[in-house]
Amino acid sequence: MNQENIRVRFAPSPTGGLHLGGVRTALFNYLFARHNGGKFILRIEDTDRSRYVEGAEQYIFDCLKWCGIEPDESALHGGGYGPYRQSDRKEIYLKYALELIDKGYAYYAFDTPEELAAMRERFTTKENPSPKYDQRLREQMRNSLTLSAQETQGLIAENTPYVIRLKVPENEVLHFTDIIRGDIEHNTSTVDDKVLLKNDGMPTYHLAAVVDDYLMKISHVFRGEEWLPSLPFHVLLWKYLGWKKNMPQWVHLPLILKPSGKGKLSKRDGEQAGFPVFAMDWKDPRTGEITNGFKERGFLPEAFINMLAMLGWSAGTEQEIFSLDELVSAFSLEKVHKGGARFDFEKAKWYNQQHLLKTSDRTLAQLAKPWFEKDGIYSGEEDLTKGIGMIKERCHLLPDLVTQSAFLFKHPGEIDLDAIKKKWDNQVYRFFEEWLGQLDAVNESDPASWEHSVHGLMAAKGLKGGAVMLPLRVMLVGGKFGPGVFDIAAFIGKEAVTYRVQKALAALK
RNA sequence: GCCGCGUUGGUCAAGGGGUUAAGACGCCUCCCUUUCACGGAGGAAUCACGGGUUCGAUUCCCGUACGUGGUACCA
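Just so you know, we're using the numbering used here here: the first sequence kicks off at 1 and counts up by one.
Treat the hints as calculated values from the structure; they're not laboratory data. Because the structure is a prediction, the values reported are computed rather than measured. Even for Gly, the Cβ is constructed at its ideal location relative to N, Cα and C. Accuracy of the hints is not assured; some may be wrong.
Claimed, not checked - Here are the simulated DSBU-like cross-link-like pairs (lysine-lysine), alpha carbons at most 30 Å apart as the crow flies:
| id | residue 1 | residue 2 |
| --- | --- | --- |
| 1 | K422 | K338 |
| 2 | K95 | K245 |
| 3 | K392 | K461 |
| 4 | K258 | K338 |
| 5 | K423 | K392 |
| 6 | K338 | K374 |
What the hints assert, rightly or not - Listed next, with one range per pair, are the computed distances between beta-carbon atoms:
| id | residue 1 | residue 2 | range |
| --- | --- | --- | --- |
| 7 | E54 | E185 | 25 to 31 Å |
| 8 | S260 | T190 | 28 to 34 Å |
| 9 | K374 | E414 | 40 to 46 Å |
| 10 | L505 | T403 | 22 to 28 Å |
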């Protein structure tokens, strides 16, 4: 295939926005397109009005933008194959549905929802819990195959609601290829006469996807594995519409599964286990329900993308940390897995930590600013940048930068006195009193000067480091964590050191 | 039930007829650090099961089990 002709499409439904599986599909589309110099096309599947949500389309654009995987063509970006929303393409779908009827590959069905329900109830047995509208059953239903031409025309003339169904052939063996899974064989006898056009004139996904992929000259279709069972139906459509030689190559991606237990990852799992499932916060305008996003949780987009890429793909090398550009050049379809992968939030956090370490302190200061401001300890970019540099290797997520550095910008609210008491006695108490009196000699911006001061007095008093260092740390920091004590002292200065030590001394008296 | 797809440590995974079966996350031990983290050195832990094919199967084939998806006028 000519590289300029590579056109891959991502076609999410606007509901629920982008969950992990959706973003990963978009990502693999993007990586493949970029790797091969092709185009990445975004279509919106908003054919089902009952599920359409205001703002959802913009949300998808925002998520993709945050991830850095913007499409080349879309309703927002334009392109020569629009419109890119399925709801704007109704007439097109109708035209091809009617063409299929003319060719004898499809038919009108007038069965009401009640009649369908009755049919299902009538034919349901333990062996067949979900009867299908298929080759045998269609002969017992109300459609243009069982009705005479006059009856059919009459019903249509009376505006009787109808759907258009594909007439799936009996006992025909279909062969097709999925790039990930290889050759697949399927007998049409197990395929039902799926609806192509609904009674409201909207297409189902099946018709819309095939028609759009053809008209938009899509070369590769990436989608979740849950679509594999309907692939035979789609192949049939490509054949009956006479487009078989233009059929795209199929890429069915493995599922992302729950961290534990059964099934594919859902919104609920995240809520219960306390991790995000969407790229960004999503507020459903109908219910007001908020679903948390990786962005707001403090993930870096590159870390998010990196983590997602490694869920179902690997480079085949030991490299695990990739930038987007590195992913583009390393990506290959042969390395995509067949089996589903369980999502692991601990590993996701590790990826973020790795990317945090790769990001400059100044950039981190800008990114983390909202969290610092929320805690009321934003004290200017210079200070923040310097402080972040001191503590970033102990952080996984952006808000950790705040909790790990707060003591650099304000006095600790609570002090772990119990930790001090283990090392505490009168001699140590007197040491600190005396030390405060000697602070004039300290060059407050120099850690070595602080160290010299403490060690000098320790030697004079015959005290060992163990007796003094931990209490000093806890007085300054509030607990047993953080970077070197003398670095902290140099950062916060004499005034703050004096205040914190005096306050602790008072509490310990 | 039927149909599809899958199965390497707890998790992500490399490998793909002969290997001591990589690496990472997590867990444990030790070193570094008078804290925590980073870093370093170790450790426990894996080819779902049963039949073939083969001199030899984790790798190929067939079954079984298990998992997962579909079975809608949802995508």
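We went through each hint and held it up to the structure:
no. : hint                      : verdict
1   : K422 <-> K338             : violated (56 Å)
2   : K95 <-> K245              : holds (21 Å)
3   : K392 <-> K461             : violated (36 Å)
4   : K258 <-> K338             : holds (17 Å)
5   : K423 <-> K392             : holds (29 Å)
6   : K338 <-> K374             : violated (44 Å)
7   : E54 <-> E185: 25 to 31 Å  : violated (44 Å)
8   : S260 <-> T190: 28 to 34 Å : holds (33 Å)
9   : K374 <-> E414: 40 to 46 Å : violated (19 Å)
10  : L505 <-> T403: 22 to 28 Å : holds (26 Å)
In the structure shown, a violation is registered for the earlier hints numbered 1, 3, 6, 7, 9, in ascending order.
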